[in-house]
Amino acid sequence: MPDHLLLNGKKFYLDEIQHYSFRESIPLDGYEAKTLEFCKNWLQGVQEFPVQTSGSTGTPKLIELHRDRMEASARRTLRIFDLQPEDRVLVCLNTEYIAGMMMLVRGLVGNLHLTIIEPLGNPLASIDPAADFDFVSLVPLQLQTILEQTPEKVPKLNQMKAILLGGAPIAKPLEEAVQAWEVPVYQSYGMTETISHIAVRRLNGKGKSEFYTAPPEITLGQDDRGCLTIAAEVTGQETLVTNDLVELGEANSFRWLGRADNTVNSGGVKVQLEKVEAALGEALAELGISRRFFAASLPDEKLGDRLIAVLEGTPLTDTEEANLQGKLTQSLSKYEIPKQFGYLPRLPETATGKLDRRSGLALL
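Using the UniProt record's numbering, read the sequence shown as starting at 1 and increasing by one per residue.
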């Protein structure tokens with residue numbers, strides 16, 4: 001079984017982590033110290049762990065997670081992706097938040113080889129080129145950056161058992177790019193309160209689906225708004241009510257439609273911002289325009305909510321905007337088409353790398 005982990009290229013033995021006996025002999029930066037502090041607490045049997053929610057859709061808050069629930073979540077992931085002792089995993093998500101933290105737990109619970117690096121746009125650019133991995137969890141922007149900056153790394157990705165994407169919607173061009181890959185690529189559904197993902201959907205290959213599937217021990221339902229409810233060991237079997245609008249399917253599955261708090265009323269018609277963003281992504285890709293964006297609304301005396309699209313980078317030309325509007329008419333109703341385009345040099349992000357609509361609107 002692995003007796004050590006690698007953190008930013010430095011080797012730390014698990015017994016020295018448990019007793020924190022390396023502090024003077026190996027210089028640490030802040031991120032390394034916090035990561036090792038978590039591992040120390042886990043190895044010493046600590047039962048509760050504080051973790052910050054991301055704040056992507058609400059005010060960030062600190063919650064306590066129980067060890068037994070974290071173990072249940074980790075074992076489910078190990079089972080779903082057939083991760084076996086001695087398998088090699090790359091941890092390149094922020095370990096102070098749930099996605100990165102649970103990668104550490106999976107490694108410690110499953111006796112996996114852990115290679116941990118600070119979160120970077122292109123995590124494969126900073127590690128040993130000869131290193132091979134069986135599993136990695138990424139945000140979509142990291143995978144997109146790998147493809148753009150180091151396409152020669154794709155064979156390395158194809159050797160893995162699985163790639164798990166989460167934390168943000170997946171742009172159409174990225175989803176199309178992974179269709180030819182051999183490695184199964186999955187999109188996750190979960191949150192801090194569910195201790196990482198409770199369902200996944202396959203993005204490529206034979207099992208490709210628009211529906212997320214949860215294992216049988218997860219109980220799914222809907223409230224009167226049509227939002228997903230979840231009960232499982234990770235929630236203490238209590239029913240967690242989400243703000244995610246879904247369509248329930250067969251075999252413990254659901255299609256994600258968007259967030260209830262992203263439903264706006266424009267001219268008396270309810271519009272789901274996620275639908276607008278999906279159409280924007282396809283239209284921009286067809287026009288050969290590569291940039292990040294989000295849809296939002298501003299108060300309007302006549303319409304109630306005026307739809308806008310905020311794009312990263314320099315403003316499009318009048319012709320490009322007109323072409324974009326034309327593309328959008330092919331998939332959206334007149335009420336769903338943004339009435340205005342706004343631009344920011346860089347779109348703000350939360351600490352976990354998600355686009356922050358609220359901050360973006362404030363900057364705009």
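Heads up, a few of these hints could be off.
Claimed, not checked - DSSO-like cross-link-like pairs, simulated, lysine-lysine; straight-line CA separation at most 27 Å:
no., residue 1, residue 2
1, Lys11, Lys61
2, Lys275, Lys327
3, Lys161, Lys172
4, Lys354, Lys61
5, Lys10, Lys34
6, Lys334, Lys270
7, Lys275, Lys172
8, Lys161, Lys334
9, Lys10, Lys206
10, Lys61, Lys34
11, Lys156, Lys172
12, Lys270, Lys206
13, Lys40, Lys10
14, Lys172, Lys208
15, Lys156, Lys11
16, Lys172, Lys10
17, Lys40, Lys61
18, Lys11, Lys34
19, Lys208, Lys334
20, Lys327, Lys153
21, Lys302, Lys327
22, Lys161, Lys208
23, Lys11, Lys172
24, Lys302, Lys354
25, Lys302, Lys275
26, Lys172, Lys153
27, Lys172, Lys302
28, Lys172, Lys354
29, Lys208, Lys302
30, Lys354, Lys34
As the list claims (entries may be wrong) - Pairwise CB distance ranges, derived in the manner of DEER restraints:
no., residue 1, residue 2, range
31, Pro151, Glu217, 16 to 24 Å
32, Arg75, His4, 18 to 26 Å
33, Ala351, Gly249, 47 to 55 Å
34, Tyr20, Asn323, 57 to 65 Å
35, Leu240, Arg346, 30 to 38 Å
36, Glu238, Glu210, 24 to 32 Å
37, Asn158, Ala33, 51 to 59 Å
38, Leu364, His66, 15 to 23 Å
39, Gln52, Ala72, 18 to 26 Å
40, Gly249, Asp318, 29 to 37 Å
It is worth saying that the hints were derived from the structure and are not from the lab. Glycine included, every Cβ here is placed at the ideal spot set by N, Cα and C.
Cross-check of the supplied hints:
1. Lys11 <-> Lys61: At roughly 33 Å apart (the allowed maximum being 27 Å), Lys61 and Lys11 break the hint.
2. Lys275 <-> Lys327: holds (14 Å)
3. Lys161 <-> Lys172: holds (23 Å)
4. Lys354 <-> Lys61: Holds, at roughly 16 Å.
5. Lys10 <-> Lys34: holds (15 Å)
6. Lys334 <-> Lys270: OK: Lys334 and Lys270 at ~12 Å, within 27 Å.
7. Lys275 <-> Lys172: At roughly 13 Å apart (the allowed maximum being 27 Å), Lys172 and Lys275 satisfy the hint.
8. Lys161 <-> Lys334: Distance of about 44 Å is beyond 27 Å: violated.
9. Lys10 <-> Lys206: violated (39 Å)
10. Lys61 <-> Lys34: With Cα atoms ~19 Å apart, Lys61 and Lys34 stay inside 27 Å; holds.
11. Lys156 <-> Lys172: holds (23 Å)
12. Lys270 <-> Lys206: violated (35 Å)
13. Lys40 <-> Lys10: Roughly 16 Å between the alpha carbons, so the hint for Lys40 and Lys10 holds.
14. Lys172 <-> Lys208: holds (14 Å)
15. Lys156 <-> Lys11: Judged against 27 Å, a Cα distance of about 23 Å means the pair holds.
16. Lys172 <-> Lys10: Since the Cα atoms of Lys172 and Lys10 sit roughly 37 Å apart, the hinted pair is violated (cutoff 27 Å).
17. Lys40 <-> Lys61: Cα-Cα ~24 Å, so holds.
18. Lys11 <-> Lys34: The given pair, whose Cα atoms are some 16 Å apart, holds under the 27 Å limit.
19. Lys208 <-> Lys334: violated (32 Å)
20. Lys327 <-> Lys153: violated (34 Å)
21. Lys302 <-> Lys327: Cα-Cα ~25 Å, so holds.
22. Lys161 <-> Lys208: At roughly 16 Å apart (the allowed maximum being 27 Å), Lys208 and Lys161 satisfy the hint.
23. Lys11 <-> Lys172: Violated, at about 39 Å.
24. Lys302 <-> Lys354: violated (32 Å)
25. Lys302 <-> Lys275: Within the cut-off at roughly 23 Å; holds.
26. Lys172 <-> Lys153: holds (21 Å)
27. Lys172 <-> Lys302: Distance ~33 Å between Lys172 and Lys302 Cα, so the pair is violated.
28. Lys172 <-> Lys354: At roughly 17 Å apart (the allowed maximum being 27 Å), Lys354 and Lys172 satisfy the hint.
29. Lys208 <-> Lys302: With Cα atoms ~43 Å apart, Lys208 and Lys302 exceed 27 Å; violated.
30. Lys354 <-> Lys34: holds (22 Å)
31. Pro151 <-> Glu217: 16 to 24 Å: Since Pro151 and Glu217 have Cβ atoms about 39 Å apart, the given range 16 to 24 Å is violated.
32. Arg75 <-> His4: 18 to 26 Å: holds (22 Å)
33. Ala351 <-> Gly249: 47 to 55 Å: Roughly 33 Å apart at Cβ, these two residues miss the hinted range, so it is violated.
34. Tyr20 <-> Asn323: 57 to 65 Å: holds (59 Å)
35. Leu240 <-> Arg346: 30 to 38 Å: holds (34 Å)
36. Glu238 <-> Glu210: 24 to 32 Å: For Glu238 and Glu210 the Cβ distance comes to about 29 Å; the hint holds.
37. Asn158 <-> Ala33: 51 to 59 Å: violated (35 Å)
38. Leu364 <-> His66: 15 to 23 Å: Given range 15 to 23 Å: violated, Cβ gap about 41 Å.
39. Gln52 <-> Ala72: 18 to 26 Å: Taking Cβ atoms as reference, Gln52 and Ala72 lie about 21 Å apart, which means the hint holds.
40. Gly249 <-> Asp318: 29 to 37 Å: violated (43 Å)
Against the hints set out earlier in the document, violations occur for numbers 1, 8, 9, 12, 16, 19, 20, 23, 24, 27, 29, 31, 33, 37, 38 and 40.
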